[in-house]
Amino acid sequence: MPVKLIALDLDGTLLDSHSQVSEENARTIAEAAARGIEIVIVTGRRFNFARPVVEALPCDLHLIVSNGALIKTKGGETHQRLLLPAAVARRALGATPEYRALAAVVFDHTREGQIVMERVDWDDPVRGRYLRRNREYIAEVIPLESCLNGEDPIQVMFTGPCATMREAKRALEVSVAASEFTLALTEYEARNLSILDVLRRGVTKGVALAEWAMRRGIARENIMAIGDNWNDREMLELAGVPVVMGNSVPQLKTLGWPVTLTNDESGVAAAIRAYAFDGRPGVAQ
Numbered sequence: 001m002p003v004k005l006i007a008l009d010l011d012g013t014l015l016d017s018h019s020q021v022s023e024e025n026a027r028t029i030a031e032a033a034a035r036g037i038e039i040v041i042v043t044g045r046r047f048n049f050a051r052p053v054v055e056a057l058p059c060d061l062h063l064i065v066s067n068g069a070l071i072k073t074k075g076g077e078t079h080q081r082l083l084l085p086a087a088v089a090r091r092a093l094g095a096t097p098e099y100r101a102l103a104a105v106v107f108d109h110t111r112e113g114q115i116v117m118e119r120v121d122w123d124d125p126v127r128g129r130y131l132r133r134n135r136e137y138i139a140e141v142i143p144l145e146s147c148l149n150g151e152d153p154i155q156v157m158f159t160g161p162c163a164t165m166r167e168a169k170r171a172l173e174v175s176v177a178a179s180e181f182t183l184a185l186t187e188y189e190a191r192n193l194s195i196l197d198v199l200r201r202g203v204t205k206g207v208a209l210a211e212w213a214m215r216r217g218i219a220r221e222n223i224m225a226i227g228d229n230w231n232d233r234e235m236l237e238l239a240g241v242p243v244v245m246g247n248s249v250p251q252l253k254t255l256g257w258p259v260t261l262t263n264d265e266s267g268v269a270a271a272i273r274a275y276a277f278d279g280r281p282g283v284a285q
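Position 191 of the sequence shown, counting from 1, maps to 191 under the numbering used here, and the rest follow consecutively.
Don't take every hint at face value.
Under the rule of at most 27 Å between Cα atoms (straight-line distance), these lysine-lysine pairs were calculated in the DSS-like manner [unchecked claim]:
id, residue 1, residue 2
1, 253, 4
2, 169, 253
3, 4, 74
These are calculated hints, taken from the structure and not from any lab test.
Input sequences plus hints: build the corresponding full structure.
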């Protein structure tokens, strides 16, 4: 079946280890778009954190951001918004008091107050780089729950060392509110950095991609998806042509999907040329 839509994760996939898009990746994506293949960025990043990346790509595209909670155009127009009920966000925070210093509430705001935290440690050894890059979007509120008066957020987000985030995930999974939300975990073990998102129940990258493909009249057999992490699994399972990055978390490589080159070797370009352009099976590396 011909590929009509390519869904691309950002961090660890399209972006190299320096958070850059290689010339080869950009050139190949532009060629795919010129061939009539729709490009969709599917990322755990917020829209404002993803937008500078996609603006560098020389083609039109859409974005599924915040692990499936929002679907937007490259210019920022919203096609779908599935927010986490404020009451559920409160219960998630109530179930994780020992991880409060690592928690944030994320809103669909234009600029200020997108990310709300109780206290910000700009020099945190694990999270400091991310916090400083997003300084203009961050606000401090004590107690954190008080930001949930009258508005539903996109998500509750925990960021910290991998082992700590696994503990937080277990705490949420056994909480009384566990049936009210969906969890998305992203891990970068080489950096000892992990992100745990608490999302509206049923929200995943895969569900959002299926919704967008339905709107565009594209069958799942015609979807190619490329990813590297736990939060990519649902969209890889949806796609007729799933491809795993060479630098992915090891478990994704055990599921029988083709493996391309790493993100530092322009693995996205290699996968697109092997599966979307040539249309023949095989491993791209």
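field: Numbers of unmet hints, in rising order
entry: Going through the list in order, the structure violates no hint and respects every one.
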